[in-house]
Amino acid sequence: MDSRFIEELAHAAGPGALLQDPADLLTYESDALVHLHVIPGAVVLPASAEAVQAVVRLCYRDRVPFVARGHGTGLSGGALPVENGVVIGLSRLNRILDVDIPNLRVTVEPGVTNLEITRHVAPFGCYYAPDPSSQIVCSIGGNIAENSGGAHCLKYGFTVHHVLGVEAVLPDGDLVRLGGPVLDTPGLDLVAALVGSEGTLAIVTKATLRLLRRPEAVLTLLCGFRSIDEAGEAVSAIIGCGIVPAAVEMMDRLTIDAAEAAVHPNFPPANAVLIVELDGPKSEVDELFTIVESVCHERGATSVEAARDPAQRDRIWKGRKAAFAAMGRVSPNYYVQDGVVPRTKLPEVLRRIRELEARSGLRIGNVFHAGDGNLHPLICYDEAVPGQAEHAEQVASEILTYCVEAGGAITGEHGVGADKKAAMPRMFSADDLDTMQLLRCAFDPTGICNPGKVFPTPRLCGEVPGPYRQHPLERAGIAERF
Amino acid sequence: MAESSLQGLAQLSTSRWGAAAARAGGPGDAIDGCAPLLILEPPDVPTLADMLAWANKERLVVVPRGGSTKIAWGTTPSSVDIVLSTACLVSPIDHCAGDLTATVPAGATLAAVNQTLARERQWLALDPPFADRATIGGIVATNDSGPRRHRYGTPRDLIIGVEMALAGGRVSKAGGKVVKNVAGYDLARLLCGSFGSLAIITHATFKLAPAPPASTTVLVSAPQAGTLAELALVVAAAPLTPSAIEIEAPGARLLIRFETTEAAADRQAAATCALCAGRGVDAQILKAEAETTAWRDYERRLSPPQAAVARLAVLPTQVGDVLEHVTRVAGKRHVNCVIGGRVALGVLVIAVTGPSAEAVATTIDELRRNAWARGGSVVVRSAPADVKALVEVWGDVGDGWPVMQSVKMRFDPNRILNPGRGPGGL
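Quick note, the sequences are listed as chains B and U, same order.
Letter 101 of the first sequence, counting from 1, is numbered 101 in our numbering, and no numbers are missing.
Adding 482 to a residue's 1-based position in the second sequence gives its number in our numbering.
A couple of the hints might just be wrong.
What follows is a list of derived Cβ distance ranges for each label pair [unchecked claim]:
#1 A719/U / I96/B: 50 to 60 Å
#2 R119/B / V716/U: 23 to 33 Å
#3 R95/B / M891/U: 28 to 38 Å
#4 P456/B / M891/U: 18 to 28 Å
#5 S429/B / S785/U: 39 to 49 Å
#6 S560/U / L97/B: 52 to 62 Å
#7 R541/U / S429/B: 21 to 31 Å
#8 R213/B / Q887/U: 37 to 47 Å
#9 R119/B / R541/U: 49 to 59 Å
#10 I96/B / C516/U: 46 to 56 Å
It is worth saying that the hints were derived from the structure and are not from the lab.
Values in this document were obtained by computation on a predicted structure and should not be read as measured data.
From the three backbone atoms N, C-alpha and C, an ideal C-beta is built for every residue, glycine too.
Isolated chain B, as found in the complex:
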């Protein structure tokens, strides 16, 4: 980066907002997907939307790629820097700007953490529904970029169902407001397009979110089963009864053991546990509880425990939410995969994963959002053993193939990012990807907004399908293919 650009960048970002020291830059070389890392040209930490806008305008003028970053908890390398590019960290935009309880709206800056919103509105009996496992630390800006879900999205939906409007800086530096606190803003639903676009279309600088009122009653069941298959059948039977629980989570023996070792949730001695949460008016919850309890018994549950108070519930959820980190207790390293299958295909796909486990010689733990078929296989390996890390990666990749073959998706909540862009053609045809590029090009014709993410080998905007021709930007040395 030339010194003139750096000087202008420092001015645009505001006082003390530019990081250039190599040790500082190292902090931003990756997000939570640590095996991919790139040292950026510069990092800025603007404290206002105007400063974000000034930085983006500058990048646009000089065609310098930029990457927005929230709190760096992403698991797919969505915030992986671009070499010689600028990382725009949004952690200083961390104010809750407006709370409107009667209308159940809250307006926040992107650096506010997910859980902070719920804490802020809890005294009014309200909460923010999407609850990714990282909610203590992850930012709303990142949640919007990834369309984050969480354990309760089975009933309450994803981030896209809870974002009503945003203020965003477009890749050319224009600041726009899309949607808003009032529903049904006329026009194309660009808010829906931005949510889940993994920072490739714009940088959100403000968001108006929908709040929910706390349900009158919450009841969490912890059920032990002799096998994952039996637990899976119980899930199908519950949904077959016309019940959509707030959450349905499942863990297998390996992840139960890991969780027990780490946080002692006192799970039953079973080969699979099922966590079913019901919420709503008390009378309705009580009625549904009776049905769910009897279904679980009918399907061979070895134990059914109902947690009615917050302390009991917290213990169960602590065991579930600690599952990833707890794997460190049973394996020196592990690879977290994120794939989705139609729920009815769970037994078939789990069987294939077990066969793969036997074949590969690597242990695979399974913890998943059973209600919506979102699998998180945890592939255990030891990086001290030469080649094992690569082997684990191959195993993880094969599991994705099973998901796609079962009619599912290559990611349910962690995003495509840099990690899975090469897997996109397994799920989408070249035509599908070309059509998605139309949206990309409408927002970011110069390709500077988080380039190199989501798409395998994107054509540059304006380029037509066909034999290779050098794009003017390539000729000018501004852009390259990857």
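Please arrange chain U on chain B, whose structure you already have, making use of the hints.
Relative to the frame of chain B, chain U by itself:
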């Protein structure tokens, strides 16, 4: 285009796709008085794509048509060459009951879809008007919904995947068949409410809901609509799970529906009546036939013949003031305004009839200015042609307009898909 060359196109399309798939347009096909030259009715998606590619090459304006229940929504077209009907894209309905999802073709009516899903006691939780004629494609393209939006949302909230045909004839898909999926751009939601301006929807995949075993409605009456708007917010904030809260004025009433197990519906209805009694408001519980009739009559009253129908959106807490404003403006302009809608969401439907097109149009303008001042909006849905000529259909679409135009330009560079009619006049 000269008449002779138009006839030539008609002959060409008939010889290419057969008389069953191509015919000349008649007066009955006119949109806001604008008659199309050709009606194309492809038997399958590849033919639809082929027709689009041809229209694109010939630069012919294409208006997609489902069941015609919303064909007059949007800006009056300046010209229409082709109406492309999805009437033949009706099967199969791919219901994955165990996964609570279904993939349905664009031309299937909502009623037909829900009839199929009902076999497994599930449903696509949308209830826009005219379910027996309204097609999935049209409902998604207009993002239309009904009273149960209160609980289930709009098509945008339920869609999980889409297959579409682009202007150039390319068929592509986005999203998938699983509820949880963040791979790639969410084009399915972008198409919701796009009014056929970006692509023609050929299939859509939705997440479904279990069909509720029982339904009960509480009918609340009060002299003042404002009292009911306030009460609706109290009910919405109570530990109850209504599937719909609709307001109706004049003759101010609330219809509050509970759809769950029979016991839970009864308890919630009783709790609602107690809330009303506490505020000195009359409430009665309707079940079975009486309930069905009440909802049918409500829907009928909301669509008087020859009315200009607009959707007004404000914050839920502003609805009371807005209702008062509508009444005042109606009195001043000597027009009749029938109001209904999702009161606790702040989304109202207003049907305006009056002595002249001018009176109706100026009323809509005045309501729009009022809503706009509150950060809300008014969009005209259907209206007689003479009213549409005097009032803007969309109003201001805000700062997103340049990006919307850019999206349109990328998806439909020759502007053949419903040009000028979509959101903001895209």
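Outcome of the hint check:
1. For A719/U and I96/B, the hinted distance range of 50 to 60 Å is not satisfied, since their beta carbons lie about 21 Å from each other.
2. For R119/B and V716/U, the Cβ-Cβ distance of about 26 Å falls inside the hinted range of 23 to 33 Å, so the restraint holds.
3. Between R95/B and M891/U the beta carbon distance is about 36 Å. The supplied range of 28 to 38 Å therefore holds.
4. Look at P456/B against M891/U: about 25 Å separates their beta carbons, and that is inside 18 to 28 Å.
5. Restraint check, S429/B to S785/U: a C-beta distance of roughly 42 Å satisfies the suggested window 39 to 49 Å.
6. In this structure the supplied range 52 to 62 Å is violated for S560/U paired with L97/B, their Cβ-Cβ distance being about 43 Å.
7. R541/U and S429/B have their C-beta atoms about 27 Å apart, which keeps the hinted 21 to 31 Å range intact.
8. Between R213/B and Q887/U, the C-beta spacing of about 39 Å keeps the proposed range 37 to 47 Å intact.
9. Between R119/B and R541/U, the C-beta spacing of about 57 Å keeps the proposed range 49 to 59 Å intact.
10. For I96/B and C516/U, the hinted distance range of 46 to 56 Å is satisfied, since their beta carbons lie about 50 Å from each other.
Hint violations for this structure: numbers 1 and 6, all remaining hints satisfied.
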